[in-house]
Amino acid sequence: MNTCHFNGCEEKVRPGTQKCAFHRKKGICSVSECRNQVYARGLCVRHGARKPCEFPDCEGFARYGGFCCKHGDKYSMKECAEEGCMNKAHARQKCVRHGGGKKCRHGGCDSHARFSGFCSKHMESAITAESLVSLANKPTIIMPKPSMRDICAALSPQFGHSALKTSPHANKLPSIKLSYEYKPYFVVNA
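In full-length UniProt numbering, the protein residues as written are 1 to 190.
If you are wondering where the hints come from, they were derived from the structure by calculation, not from laboratory data. Heads up, some of the hints might be wrong.
Listed below are the simulated DSSO-like cross-link pairs for lysine-lysine, each with C-alpha atoms no more than 27 Å apart in a straight line [what the hints assert, rightly or not]:
id, residue 1, residue 2
1, K12, K51
2, K94, K78
3, K26, K12
4, K94, K51
5, K51, K70
6, K121, K102
7, K88, K121
8, K78, K88
9, K102, K78
10, K102, K88
11, K70, K103
12, K12, K25
13, K88, K103
14, K121, K94
15, K121, K103
16, K88, K70
17, K51, K26
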């Protein structure tokens, strides 16, 4: 029984290959007798797929500007291109103050984007418009809030719709407060 070509893998090989089903799409290092998988440029990490750190006697791999994360500057952002500005550059080699941040998505607005691509001035209208579009695309059942007439009709027949229409005191409904302490909700005369 043949086992997979890669180090530490004891799975059976697939017919006509040197690899198991798990490693079937993994490349084999181009260095002879090496049983590691390819990381980059046909080589495994051990044989040079990753560049070593430029710091003397460091065995780490380069990440930021030729140095590993231990020896390199993790925040190697350039400074703003404006003369005399020491802030970090974001977009277009400039800081946010000098026009380097993202601009508002609203047509004709040059303000800095704060939320979802919109400035604080256009954010509320954009959210409202986006929420309306998302609501239009979803089947939603909207339940209307009960009116005072509906509440009175539920209280007793004397406050039903017909009584309210004919009563001279139709505009003066009894003081009612809804109690949310217990479920189901109930009405208490105040």
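Here is what the structure says about each hint:
Only pairs whose Cα atoms come within 27 Å are accepted, and K12 paired with K51 is rejected, the gap being roughly 34 Å. Restraint check: the Cα-Cα separation between K94 and K78 comes to about 9 Å, which is no more than 27 Å; the hinted pair holds. Distance check on the hinted pair: K26 and K12 sit about 15 Å apart at the alpha-carbon level, within 27 Å; holds. A hinted pair counts as satisfied when its Cα atoms are at most 27 Å apart, and K94 with K51 does not qualify at roughly 30 Å.
Distance hint between K51 and K70 is fulfilled; the C-alpha atoms sit about 15 Å from each other, no more than 27 Å. The hinted pair formed by K121 and K102 meets the criterion: a straight-line CA distance of about 15 Å does not exceed 27 Å. For the suggested pair K88 and K121, the alpha carbons sit about 25 Å apart, so the restraint of at most 27 Å is met. Under the criterion of a C-alpha separation no larger than 27 Å, the hint pairing K78 with K88 is consistent with the structure, at around 6 Å.
Between the alpha carbons of K102 and K78 the distance comes to roughly 17 Å, so the proposed pair stays at or under 27 Å and holds. At roughly 14 Å between alpha-carbon atoms, K102 and K88 fall within 27 Å of each other, so this suggested pair holds. Straight-line distance between C-alpha atoms of K70 and K103 comes to about 35 Å, which puts the hinted pair past the 27 Å bound. Restraint check for K12 and K25: the C-alpha separation of about 15 Å stays at or below 27 Å, so the hint holds.
For a cut-off of 27 Å, the pair hint linking K88 to K103 stands: about 17 Å separates their Cα positions. With a CA separation close to 23 Å, the supplied pair K121 and K94 stays within the 27 Å bound. At roughly 12 Å between alpha-carbon atoms, K121 and K103 fall within 27 Å of each other, so this suggested pair holds. A distance of roughly 22 Å separates the Cα atoms of K88 and K70; the hinted pair therefore holds under the 27 Å criterion.
Restraint check for K51 and K26: the C-alpha separation of about 21 Å stays at or below 27 Å, so the hint holds.
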